[in-house]
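S.K.: What follows is each chain in one-letter form.
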Amino acid sequence: MIASPDTTSANPIRTITVSIKRQNGPAEQPRWESFQVETQDTANLISVLQSIAARPVTTEGSATTPVVYDAGCLEEVCGSCAMVINGRVRPACSALVGHIVGEDNTITIEPMGKFPVVRDLSVDRERMFAALRRVKAWVPIDGTYDLGAGPQETPDRQETRYVMSTCMTCGCCLEACPQYQKEAEPKSWDTSFVGAAAINQARLFNMHATGATEKDARLEALTGEGGVNDCGNAQNCVKVCPKEIPLTESIAAIGRDVTVHAVKKFFTGR
Amino acid sequence: MSTHAAPAKSAATVPFIERHYFLLRRLHSLSGVVPIGLFLIPHLTTNSSIVWGSALHQGKFSDVVARYGSDAAGVAAFQHEVDFIHSLPGLIMIEIFALWLPIAFHAILGVYFARTGKCNIDRYAYQGNYRYWLQRMTGYVGVAFIFAHISSLRWGWTFGGLLPSFDGAHAASSTASHMQDGLLGSTIAILYLFCVLGLIFHFANGLWTAAITWGLTISTGAQRRWGQVCVAIGVALAIAGITAVIGFVTLDPEDAREVENHLVGQAAQPAASH
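Residue numbers (our numbering), protein chains in the order written: chain A, 1247 to 1516; chain B, 246 to 519.
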């Protein structure tokens, strides 16, 4: 059941202009289209995009195709709806009209610039998942026999790891990073900067009692070109992270770990 | 488990910078702190001795003060510092291996690494992002400045009289007369101060990021506290840098030259006066 819009209180129906950078396909030229949308201050940007999809007519009155976008959970846990809203990257589901609409009653939306555009606001974040494979962001439990119960976790450690585990691979940290550049070619993904999200995941799984068995392999991956050393310490990542993950602490912690790893490797050879 | 497993590369086909990436990155970080940053501290305190020398060393240089007035202590202190540096055994070896080569290494790798970034302060105008951008800009400016600085004042390349040279026996007066040499002198003094303040920022901010790179400061609180220490170091060095320029711009080169000539005369016959 959909509640009827509350028009009596401080949340009236209002008309805003939404400018969207559109692109028909990966190789197509982008163009701008704007739409008049009836919405409310408490509405999120996904519902604004839904309104546009329901009536895809531009401000000039010409009919167009519905704007393509990704969205899943609508509660800021799946990470699929990150886009550049008024020049700043953020998940569209948690962007409320009243918080982001400008003085000129306009909202500007662009797809993230660091990933290949599939169509309109939908981008291909495959490189992020390749980065998770690169740093082995998993707990190795597959085997031919029952490994039994894992080691115990202290509440303190669990608390530190919890916030790190809330990463949803949305890509905001990478979009805002001046050291992370668009790389359409998967071949270059092994040596281009891996980014804050994957570095944080490496730390998360290194801190896991069973996950730590892959610690050296993760650190080895982050020691070379495109690893943690490529961070330029602009620290934009932590500012734009919608989950408020202490990404810069993870980067510094991995920085310490690769220092120790490199010294150990120098003296022991592995 | 990667679907596109790359064939194993033999060592010969992997570029040098890729094979030694970690080492080069960390040597780049280290060289900025030691020796380059460490050198910056005595360099700027030596320069500013033209001012603090007259404040602190009236007694030490009482003979020149008695003869030439209280400003002479600054001239004598600066000359004393310069003479000490020039008296170091194997100075040219120290210069080549502890300064010029590390600076060249830091500069070449720094430019190479800086070119991997793309400035986005127009969209993300955070203070940290500004510092990220400034670190790279001051790096570029610093490379040009340090080359001009060493080539003119140390190697004597004046580029047709455009840049000043340095007279080691008349340290203060030659510096002061260059900085007071009309429009060219004022331009050089202002550009010099601009570049020195840029490099001081580069050092202080680099000291802050190096602590993250090496993993010394991990928590946000630790990074903030170390940041405050770096600001304090930067402000102290900036005061030294500004003080030195003010000292040389306001120094009378003729008077300073008399003091220096007196000191040269003294050095020629040390036994006579003591």
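There may be inaccurate statements among the hints.
Derived contacts from chain B toward chain A, CB cut-off under 10 Å, selection only [what the hints assert, rightly or not]:
1. GLU263
2. PRO280
3. ASN374
4. TYR377
5. THR458
6. LEU461
7. ILE463
8. GLN468
9. ASP497
Rather than coming from a laboratory, the hints here were simulated on the basis of the structure. Keep in mind that this is a model prediction, so the values were computed, not measured. C-beta atoms are modelled at their ideal positions from N, C-alpha and C, and glycine is treated no differently.
S.K.: Work down the list of hints and note, for each, if the structure agrees.
M.R.: Against the structure, the hints:
1. GLU263: Since the shortest Cβ distance to chain A is 5 Å, the answer is holds.
2. PRO280: With a minimum Cβ separation of about 20 Å from chain A (threshold 10 Å), the hint on PRO280(B) is violated.
3. ASN374: holds (5 Å)
4. TYR377: Holds, about 3 Å.
5. THR458: holds (5 Å)
6. LEU461: Holds, because the Cβ-Cβ distance from LEU461(B) to chain A comes to roughly 8 Å (cut-off 10 Å).
7. ILE463: Holds, about 4 Å.
8. GLN468: holds (7 Å)
9. ASP497: Where the cut-off is 10 Å and the nearest Cβ of chain A is about 46 Å from ASP497(B), the hint is violated.
Violated hints, listed in ascending order, are 2 and 9; each of the other numbered hints is respected by the structure.
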